[in-house]
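Chemist: Spelled out from the first residue to the last, the chains are:
2 protein chains.
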Amino acid sequence: MIILDGKKTSSDIKDEITQEVLQLKKDGRKTPHLAAIIVGNDGASRTYVGAKVKACNRVGFHSTLVELSSDTSEKELLSKIEELNNNNEIDGFIVQLPLPKHIDEQKILMAVDPNKDVDGFHPTNVGKMALNLPTFISATPYGILELLDRYHVETSGKHVVVIGRSHIVGSPMSILLSQKRKVGNATVTITHSRTQNLTEITLKADIIIAALGIPEFLTASMVKDNVTIIDVGITRVEDSSKKNGYRLLGDVAFDEVSKKASFITPVPGGVGPMTIAMLLKNTLLASKMNN
Amino acid sequence: MIILDGKKTSSDIKDEITQEVLQLKKDGRKTPHLAAIIVGNDGASRTYVGAKVKACNRVGFHSTLVELSSDTSEKELLSKIEELNNNNEIDGFIVQLPLPKHIDEQKILMAVDPNKDVDGFHPTNVGKMALNLPTFISATPYGILELLDRYHVETSGKHVVVIGRSHIVGSPMSILLSQKRKVGNATVTITHSRTQNLTEITLKADIIIAALGIPEFLTASMVKDNVTIIDVGITRVEDSSKKNGYRLLGDVAFDEVSKKASFITPVPGGVGPMTIAMLLKNTLLASKMNN
Chain Y
359 MIILDGKKTS SDIKDEITQE VLQLKKDGRK TPHLAAIIVG NDGASRTYVG
409 AKVKACNRVG FHSTLVELSS DTSEKELLSK IEELNNNNEI DGFIVQLPLP
459 KHIDEQKILM AVDPNKDVDG FHPTNVGKMA LNLPTFISAT PYGILELLDR
509 YHVETSGKHV VVIGRSHIVG SPMSILLSQK RKVGNATVTI THSRTQNLTE
559 ITLKADIIIA ALGIPEFLTA SMVKDNVTII DVGITRVEDS SKKNGYRLLG
609 DVAFDEVSKK ASFITPVPGG VGPMTIAMLL KNTLLASKMN N
Chain B
359 MIILDGKKTS SDIKDEITQE VLQLKKDGRK TPHLAAIIVG NDGASRTYVG
409 AKVKACNRVG FHSTLVELSS DTSEKELLSK IEELNNNNEI DGFIVQLPLP
459 KHIDEQKILM AVDPNKDVDG FHPTNVGKMA LNLPTFISAT PYGILELLDR
509 YHVETSGKHV VVIGRSHIVG SPMSILLSQK RKVGNATVTI THSRTQNLTE
559 ITLKADIIIA ALGIPEFLTA SMVKDNVTII DVGITRVEDS SKKNGYRLLG
609 DVAFDEVSKK ASFITPVPGG VGPMTIAMLL KNTLLASKMN N
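Chains Y and B supply the protein sequences, listed in that same order.
Residues 359 to 649, numbered by our numbering, are exactly what the first sequence covers, in order.
Residues 359 to 649, numbered by our numbering, are exactly what the second sequence covers, in order.
A couple of the hints might just be wrong.
If several chains are the same, the list does not tell them apart, and a pair holds so long as it fits within one copy or across any two.
As the list claims (entries may be wrong) - Capping the alpha-carbon separation at 25 Å, the derived lysine to any residue pairs in SDA-like fashion look like this:
#1 K617 to L467
#2 K538 to D462
#3 K538 to E463
#4 K582 to Q554
#5 K538 to I572
#6 K438 to F621
#7 K540 to E441
#8 K459 to K538
#9 K384 to H510
#10 K538 to G571
#11 K538 to N555
#12 K433 to P492
#13 K646 to S620
#14 K646 to E447
#15 K383 to E447
#16 K465 to D373
#17 K459 to N584
#18 K459 to P492
#19 K538 to I461
#20 K617 to T577
#21 K438 to L556
#22 K366 to D613
#23 K646 to I592
#24 K433 to M647
#25 K540 to S524
#26 K433 to L489
#27 K582 to P624
#28 K600 to R539
#29 K538 to S437
#30 K459 to F621
These are calculated hints, taken from the structure and not from any lab test.
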């Protein structure tokens with residue numbers, strides 16, 4: 359059994375990007391610049407955004423954090439987005455989600471210039487992804503493709519079962535892995551809350567992407583020997599034995615499933631750390647494209 | 359066994375649209391207007407476009423046919439598209455495919471204003487479809503959803519197997535049928551040329567969408583009893599016994615598969631006739647949206 363080590367892989371990717379940025383600077387080209395907009399004081403969101411800014415510093419990108427108060431109006435946010443769209447210094451930017459309830463999230467995502475949409479959430483970029491055209495693939499699916507690639511997990515002709523149909527993970531994963539691409543050419547089954555006989559389906563899977571958000575949902579009896587497991591779930595569960603009072607669980611019962619698996623991502627330290635690395639990769643791409 | 363009669367259903371839809379157009383006129387609202395651009399003299403393309411214009415006449419739409427010679431440059435075509443984008447009289451328009459080889463098809467499709475893209479081929483509309491947002495769903499997938507709906511074929515919780523991963527049919531069908539929508543909520547497996555053990559997979563299917571373009575590929579031994587079959591294939595095969603020298607075959611061996619099926623589309627007269635009806639529905643939607 360081989361652990362798909364997202365922490366190490368993510369660190370490798372950041373090192374590669376650091377080298378590329380040094381080269382860009384040496385060549386007198388523009389230093390990539392990522393901006394992030396955060397609205398309000400949600401603790402988890404601030405932590406995520408903070409980690410993104412820190413990652414920019416590590417690889418030598420410029421970064422800008424735009425902090426707006428929780429009572430910012432939709433109109434004000436749209437005007438800030440327009441400002442970033444028109445600012446040639448900024449290569450790419452993200453709007454940290456979730457947004458306060460009085461703001462229409464979809465409207466905001468649609469306002470981001472697709473050429474600066476390094477989160478890959480704009481419909482135009484989702485459409486390009488679905489059409490297998492060059493674009494920004496959103497961080498979680500992109501990170502999964504990259505992990506499978508770097509560990510040489512064969513996907514061509516394999517049967518992938520995706521559990522969960524979210525727009526962020528399940529749906530794009532099912533689209534990407536079925537396409538003609540390096541990590542792709544798989545037979546893909548997408549399953550969700552309405553699926554009947556799920557176990558019958560997962561038992562056939564060569565690769566399982568678990569992205570439903572129910573801790574330890576996937577158990578050993580649901581998988582065959584030598585399966586590859588990508589665990590996208592991450593749920594805080596109370597645990598009084600831990601100093602901080604909780605532990606993090608994935609959608610997979612790791613201890614038992616890992617005994618049958620060929621490859622498996624841990625939680626934490628699997629898919630999670632990959633996302634920021636892929637955001638940086640998209641920003642680097644945006645910078646090269648636009649300059 | 360029930361035949362999913364696309365000819366009749368398409369005719370019903372056209373009657374419904376005719377009624378809506380009469381009502382729009384009565385209300386003093388704008389008459390929907392579809393334009394079609396055709397480049398060159400391909401016989402099949404001219405037949406298709408001709409059928410679309412005829413269908414517009416039948417339901418009371420205005421129509422405009424823009425005929426360009428086969429040596430039209432990409433730039434000239436782009437400028438014609440720009441003209442239609444800016445013409446408020448035109449509610450929606452299509453560019454008949456395929457285009458001559460010196461023209462970049464993707465570039466052309468990207469130039470169409472997404473709000474007038476009644477073919478649903480622009481990445482923005484493909485992305486909206488993938489995100490389950492309101493948009494123009496392209497005619498073939500939309501027609502299949504409509505057929506399943508009007509014949510009350512249950513899809514929720516059913517296992518759909520899609521054969522073929524084209525951007526026009528296989529890929530969007532697999533996305534749409536897995537979504538939370540009236541005709542949707544299915545467990546969907548997308549298969550293609552790289553799929554191994556296809557028969558093992560199709561034997562589990564409650565619904566099969568065959569869209570690979572190989573005549574009579576799907577045989578009775580590949581399906582279970584009471585399956586629903588949607589046959590998207592249409593291939594001309596030489597047949598000297600026919601007056602015109604050929605007959606049309608689908609991707610399904612109709613005679614033998616129909617004996618096991620609950621529902622099945624014939625070829626011709628199944629999915630094919632639905633596409634023009636759905637193009638008209640999209641044009642009606644565009645006209646209501648933009649006026």
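Chemist: Each hint needs a verdict: does it hold in this structure or not?
Modeler: For each hint, the structure was consulted:
no.	hint	result
1	K617 to L467	neither (42 Å within a copy, 50 Å between copies)
2	K538 to D462	between (35 Å within a copy, 20 Å between copies)
3	K538 to E463	between (32 Å within a copy, 19 Å between copies)
4	K582 to Q554	both (19 Å within a copy, 17 Å between copies)
5	K538 to I572	between (31 Å within a copy, 19 Å between copies)
6	K438 to F621	neither (44 Å within a copy, 54 Å between copies)
7	K540 to E441	neither (37 Å within a copy, 40 Å between copies)
8	K459 to K538	between (39 Å within a copy, 23 Å between copies)
9	K384 to H510	neither (33 Å within a copy, 65 Å between copies)
10	K538 to G571	between (29 Å within a copy, 18 Å between copies)
11	K538 to N555	between (29 Å within a copy, 19 Å between copies)
12	K433 to P492	between (31 Å within a copy, 23 Å between copies)
13	K646 to S620	neither (37 Å within a copy, 55 Å between copies)
14	K646 to E447	within (13 Å within a copy, 41 Å between copies)
15	K383 to E447	within (15 Å within a copy, 52 Å between copies)
16	K465 to D373	neither (36 Å within a copy, 36 Å between copies)
17	K459 to N584	neither (44 Å within a copy, 47 Å between copies)
18	K459 to P492	between (33 Å within a copy, 21 Å between copies)
19	K538 to I461	between (38 Å within a copy, 24 Å between copies)
20	K617 to T577	within (11 Å within a copy, 40 Å between copies)
21	K438 to L556	neither (45 Å within a copy, 51 Å between copies)
22	K366 to D613	within (21 Å within a copy, 57 Å between copies)
23	K646 to I592	neither (33 Å within a copy, 44 Å between copies)
24	K433 to M647	between (29 Å within a copy, 23 Å between copies)
25	K540 to S524	both (23 Å within a copy, 17 Å between copies)
26	K433 to L489	between (32 Å within a copy, 24 Å between copies)
27	K582 to P624	within (18 Å within a copy, 39 Å between copies)
28	K600 to R539	neither (43 Å within a copy, 43 Å between copies)
29	K538 to S437	neither (39 Å within a copy, 33 Å between copies)
30	K459 to F621	neither (40 Å within a copy, 45 Å between copies)
Comparing the model with each earlier hint shows violations of hints 1, 6, 7, 9, 13, 16, 17, 21, 23, 28, 29 and 30; every other hint is respected.
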